[in-house]
Structures are given as C-alpha cells and as structure tokens.
Amino acid sequence: MIERLKWHHFVGLLGLAIVVAGTWIGLFVAPAERHMGDVMRIMYVHVPSAWSALLCFTFVFVAAVASLWTSRKRWDAYMTGGIEVGCVLTALLLVQGSIWARATWGVWWDWDVRLTTSLVMLLLFCGVLALRSFIEEANRRATWSAIAAIVAFVDVPLVYFCVRWWRSLHQIQSSPETVNSAMVLPLRLNAVAFLLIAIWMIAIRARIELARLQAEDAPEPEPLAIEER
Amino acid sequence: MSTLHPGAAPATTTAATSGAPAPDDPAARSTTSFFATMLTQTLIVLRKDLLLEWRSRSRLVSVVLFGVVTLLLFSFAVGPDVRALREGTAGFLVLALLLSSTLGLAESFRLEQEQDAVEGLLLLPIEPVALFYGKALGNTIFLSLLAPILIPVALVLYSVEPAWSDFLRLFGLWLLTAAGLSAPGTLYSAMTSQLRSQDVLLPLLLFPLVVPVLLGAVKALDLVLTGDAMGQLGSWTIMLLAFNLIYWSLCGIVFPRAIEAS
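Which chain is which? The protein sequence lines are A and B, in order. Take the first sequence: its position 167, counted from the start at 1, is 167 in the working numbering, and no numbers get skipped. Take the second sequence: its position 62, counted from the start at 1, is 62 in the working numbering, and no numbers get skipped.
Just so you know, these hints were derived from the structure itself, not from any lab. Glycine residues also receive a C-beta, built at the ideal position from the N, C-alpha and C atoms. Check before you lean on any hint, since a few could be wrong.
What the hints assert, rightly or not - Anything over 10 Å on all C-beta distances counts as not near chain A; from chain B, calculated:
| no. | residue |
| --- | --- |
| 1 | D49 |
| 2 | L72 |
| 3 | L187 |
| 4 | A229 |
What the hints assert, rightly or not - Quick look at which bits of chain A chain B covers, simulated, 3 or more residues with Cβ under 8 Å:
| no. | region |
| --- | --- |
| 5 | 138-144 |
| 6 | 148-159 |
| 7 | 191-199 |
Chain B extracted, bound-state conformation (with noise of 0.2 Å):
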C-alpha cells in the first residue's frame, strides 16, 4: 500500500505541523496524529468534490429533477386514490431516493476516469481510506440536498401534513439513508466505473445490499408521517444506525483494495 501511495509519511509530518494536540505518550500521539491526518486528507478530498460540484451544479440539478419526476410517476402508477398515495409516501420517497442515488453515485466516479484522473489521485500523498470517505461523505451529502426538495414535493402531491416538529426527524432519517446508500454506492461506484455496463451493474449490486436500510427507513419515515402510537420509531432507527456502522466500516477497509485493482 505505501509504495503505492508513498505520500503517508509526508502527510502526516503535515498533520503533526497542522496544530493536532500532542500528547506526552508516543504511542498515543503517533495515533492521534494519524487520525488527525486522515481526518485533514478526508476533508481535502470532500472539499475538493464539493467545489466541483459547486462548479458545475449540473448533477445535481438533473438529480433533482429525476427525483421529482419519479415521485410523480408513483402518484400516476397508484392513481388519483388520495388514502393510498398517503400510505405509501414513506416508501415512494425512499424509492425516489434510491432511483436518484444511482445517477449521483454512478456519476461521483465517472469524473475521476476522464483523462485517467484517478491515476492522479493516486499519486497525491493520500490515504486511499481519506479518499473514501471524502467521497462518501461527499455522496451523503449530496444525497441529503435532496431532501429539501423532494420532501415537500412528496407532501403536497400526496395530502400529507406533519406536524413541524416531525421536519426536524425526517431530515434525520433522510440523513441516515443517504449514508447508508452512500456507503456501499461509492465502493461499487469505483468498481464499476470504468466497465462497460456500469449502469447495469451498479443497481444490480446496490440494490439488494441497501434492502435492510430500505425496509428501516421507510418504517421509521412511516412512523414519523403517521404517528407511532407503539413506540417502534426508536428500533427502526437503530437498525438504520447500525447498518451505517457496518457498511461504513467494512467499505473503508476493503476500498484500498479495489482502489489499487483499478
């Protein structure tokens, strides 16, 4: 891995000059600074695809769109039942979601294969972990500026009114789900961005692994859309978090590897 990526010593003379705290022990200090650094590489790598993105806004944009176009294909597919499209709205905005996430997933990495620009990425003095987790962490993010839109969006098409309070908790579950599809959707992201039917692959892969985070995500949006009179919001968002601490974990481990097979 270092010959590959011979920027980890450098990078983290960088950390231990960027103003970490500095413990007495070696051992200690070598670890925080490690975090340290990796924490500074995984903000440069987010910055870095945040300003693209910023730049262009395009993705985005067409991503959006997508979303709010799928959401009215679902009221058409139902039909002009209002109770219906009531009960199903946690799950058709989890569904616009998921349909969205694979255009900005596959996208997050198509750019990197233009002019072999990854190969670049590689040769900068950067953990292949930091480059992970700036990218999901990029994803996430751009699949929560979804939210704003697509919420209300879903709430006016199908006769939904929560309480103001309730706002606050689905952009929570909103948040926790795009982590979730983030996660795994980078890692098959990078594996399938150069093969020739990525946009085959990537659902095919993506959707059955993000099945649990699907199911726990549109009982707990339920719960918060129709009341939870049983107390269950509480398991469902626990199941949510611990999916996102399993998939977070074992993507970051095995992404040097895939990254190094490219």
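Excised from the complex, chain A in its bound form (with noise of 0.2 Å):
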C-alpha cells in the first residue's frame, strides 16, 4: 500500500492535516474580529484561496514558457493542472468574497477594482481551457495555450497591486503587523495547507493529463480480424 502511494499523496494528506487543524483554530480558538464578529473567519479560508490562486497562476506561467521552450509534453500537463486548479481557486475565492461583501458591505457584488481583475483573471484562464478544448492537433494544443496562458497571466500582477495603485473598497495586504497575533496563526496555517492541496492537485491533474497525451501518441490499435469459418 505504502508503495503505491506517491509523493504528492503524501503532500496533500498532510495540507488536508493541515487544513483540519487550521480551520479548528480558526473557527473556534481566535477570538471574533471587533466589528465584523464571525463573518471575519472566513477570511481564513478566503485569503488562502487568494494566494494559493495567485501562485498557481504564477506556476501556469513559469509552465507555459517552460513549455513552448523546450517543447515537452510534461510542462503541457503541468501548465493544465495549473489553470484548472487556480480556476477552481479564484471561483471559491469569489464566493467566499461574496458572501463575505453581503454581510459587511451589504451587497453580493461590487464593482471594486480587486473584484473586477480577479473575475477577469478567472474568465481569461477559462478561456485558456476553452482554447484547449477546440484544438485537436497536440503540439498545436500545447504551443497555443501555452501562449494564450502568458497573455492571461499580465492580469495576475494587477490583481495583487490593484489595491495599492488605485482606490479600492478592498482593502490593501495585511501583513503579521497590523493583524492580531491569535489571528495570524490559522491564517498561515491555512494559507501553507491550500499550498500543499494545491500541488496534490495540480500533480495528480498533470498526470491524468500526461496520461491522455501518451494516449494520444499511442498508435491505432489494430482491428480484430474476423476468422471464416
């Protein structure tokens, strides 16, 4: 059994671990935020969400060059486990945010710069699967939505300094500072716990995809010859 598992099982056995004991602490060790009371502790979650998205966006890109210079099939899985887990992210991250704008802001849904970049990053690597979809030929696949990945990617850095470049109802990064210290502790013990079901994830979507592109190669399979009888 042991041998059968591998490495990144491991990882994501130990961010799910993680995320357990997180969530604990968070939900029932951490004080509630002054103002805002319980709906604070979804920030627990939805900052993690955040960071995690923005890494494997950031991952997707160092992928999509990785794959258009060298070619290499595993990049090409690499790059799609990226996009589908960081799409997976920032759509969790947008629900969280909602719920979280309709209890303080009153409203599900504001067109804040922060909010607006990062439904647009979504939309942008949507269509990156999108683009994938379409294209039959896998080099062509690769090359295409290699390149249409760096594209979508100028988006990510304005995603993290929107806040500070403009006016926004969002507010700026927190840092260990300006955050209560029994706060600070679920805080990274989530954000290291999406980290590591992350890469469990993006792993195990690169090899399913590695897979089907093998597959792919693979010749035609001879047809079964009918004897006469």
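Put the complex together from the two separate chains, hints included.
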C-alpha cells in the first residue's frame, strides 16, 4: 500500500491535516473580530484561496514558458493542471468574498478594482481551457494554450497590486503587524495547507493529462481479424 | 525559426541596399539594419493588407454598418431618456468599437486561410514578427476608420455636443483604443482562424483581456465629452498607453511561435 502511494499523496494528506487544524483554530480558538464579528472567520479560507490561486497562475506562467521553450509534454500537462486548479481556487475566492461582502458591505458584488480584476483573471484562464478543448492536434494545442496562458498572466500582477495602485473598497494586503497574533496562526496554517492541497491536485491532474497525451500519441490498435469458418 | 523562414538573411541584404544609414560600428550597423529590415517588411505586409481591403471594401462597409446598428440598439435598450443616453455615450461608443472589432479581426486572418495563403506568407522572406506588426497595424488603421462614422452618429443619436477642439482628442483616444484591441486581437485571430469555433473563441479570449483598455477608453472618452474638472484625463491616457505598450510587445514576442504552429 505504502509503495503505491506517490509523493504528492503525502503532500495532499499533510495539507488536509493542516487545513483541519487551521480551520478548527480559526473557528473555535481565534477571537471574533471587533466590528465584523464571526463573519470575519471566512478570511481564514478566503485569503489562503487568493494566495494559492495567484501562486497557481504564477506556476502556470512558468510552465507555459517552459512548455514553449522545451516543447515537452510534461510542462503542458503541468500547465493544464495549474490552470484548472487555479480556476477552482479563484471561483472559491469569489464566492467566499461575495458571502463576506453581503454581510459587511451589504451587497453580493461591487465593481471594485480587486473584484473586477479577479473575475477577469478567472475568465481569462477559463478562456485558455476553452481554447484547448477546440484544438485536436497535440503540438499546436500545447503551443497555443501556452501562448494564451502567458498573455493571460498579464492580469495576475494587476490583481495583486491593484489595491495599491487605485483607490479600492477592498483592503490592501495585511501583514502580521496589522493582525492580532491569535488570528495570524490559523491564517498561516490554512495558507500552507491550501498550497499543499493545490500542489497535490496539480500533480494528480498533470499525471492524468500526461497519460491522456501519451494515449493520443499511441498508434491506433489493429482491427481484430474476423476468422472465417 | 530561421529554418522556417529562410529569408532572414536576404532580407537583411535588401535593407542594407535600401538606403538605411550605415554607422561605422559593425554591431550598431547590424542593429540599424535589422530594424530597417523589420520596418520595411512590416510596411510591405501592411501595404498588402490595405490594398486587399481597398480592392473589395466589403469588410469595412459591413463592419461600419454593424457599428451603426449597435449604436442604434443601445439607444433602444436605454429608452428615450436623453440624459441617460448622454451619460452613457462613451461606454456605448467603446462597446460599438469592441463588438465591431471582433468581426474585423476575425476576417483579417480568415483571408489567409483561403487556399492556404498563410503557407505562402511563411515561405516569403519576411520575419513572422514583421507579419504580426504589419497585420496589427492594418487592423489598427481599419478600426480607426470607424471613428469618422461612429463618433458623429453617436453624438447625433445621443445629443452630445462637444467643442470642435475636442474632436482631435476623441480621435486620438479612439486610435489608442483601436491599437489596444488590435494587438491581442491579431494574435488571437491568427490562432483561432483555423478552428471550427472561431466566432465563439475570439470574443471569449479577447474580451476579458481587453477589459483594462475598455475601462481606460470609457473613462477617458467620458472625460473629453463631459468635461475634466479634476484633470484625470492624463492618467487614463497613460494607462491606455501602458497597456498598448505591454500588449504590442508581448504579442509581438509570442506571435512567431503561434504562426509557426499553425
């Protein structure tokens, strides 16, 4: 059993264990925020989702450049895995943020620069996945989706820095100096956990994608001859 | 790259004999010669596209008509509220340009797919980068040609009366917006022109990418049309320029790989 477990499963299981611990501390040990109350606890999953999503798309950029540079299928598979996991995390980020916004801002959505650039980032990378699904030839699919991913990455630094560059309803990045120390621990635990789980999922998805790409390259099986009696 | 496009060396020779300045330093001479070659090749591609467009003019006419119909539809959607129409003029203009651009951009590479003309283009002694910049410049000029029709139509339909001096600024901003749409639009058009769902994929890829250009263009045009009391026009124009710089550089870098795989 142990031999059959790959390294990424250990990473994933470790991530799941840490996320349970981080969420427990966030829900039951850390104090409620003075003004927002318990609704602030959504930050313990919202912020790690955001960090992991941005890291996923940064990894996608690296994998896309490597895929263009080396033309190796492995990088194409990693890029695909990274885009899919990044999109899931960004969708989670937007849903969590929307729930929090309803409770604190009074609206589900606001056309704030951080929210808008995050939604655009999700749409851009979903567009790359859509492009992939329409291209049948493997080399062309790898090249074009890598190019589309590199162009889409232009939005990622914008998502991070927009709250500093423009006036935004969304708060700027916090630091441990601006957050109560009891709140920092669950935030850090969940950030590490989300990252480990994202690595786990990317690895699994990349293995599946690689197997699919290899199956595409495999020669067509010979049709079975029907024996005549 | 050079194996696919064997004309790089002869093209350099052509530029050297085309009257480009020849500094004494060999490295500087080589750089100058390279840029002169690129410029010459870009202008050749641009001339070819403009000539083709001028001979038929069907794409320009249909896209202009589409833009006018779009502006008309916006006024129906908002209703006869003149104030609301006036306030939304900048947004309607930019949306009309965006929607019209997808038709124009899609056509720019569809022509090259007919009878595998793109194969012939790649066999010519022209660098793929020059092909991109020629095509993108052609698309920018094409979209800029919508301005003399769409801007007056919008001003009449939505009852906006800017000062005569504002028309130059309106056209300048239109040109920047058209350029911002053309660079990624040309890249994506090259990639999607061979796919069965180009009509879906091109807007799907292009629209989210050009959101910053749209935001900058809408705000800047609105400031020109309704007045710029806070002096914000400069910062929105700089934002448009910055995105143009990013898209024109990045798309030019990756285009050779995109066209190579086609």
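Each hint tested on the structure:
| no. | hint | in the structure |
| --- | --- | --- |
| 1 | D49 | 22 Å, holds |
| 2 | L72 | 27 Å, holds |
| 3 | L187 | 7 Å, violated |
| 4 | A229 | 17 Å, holds |
| 5 | 138-144 | holds (count 4) |
| 6 | 148-159 | holds (count 7) |
| 7 | 191-199 | violated (count 0) |
When each numbered hint is compared with the structure, violations occur for hints 3, 7.
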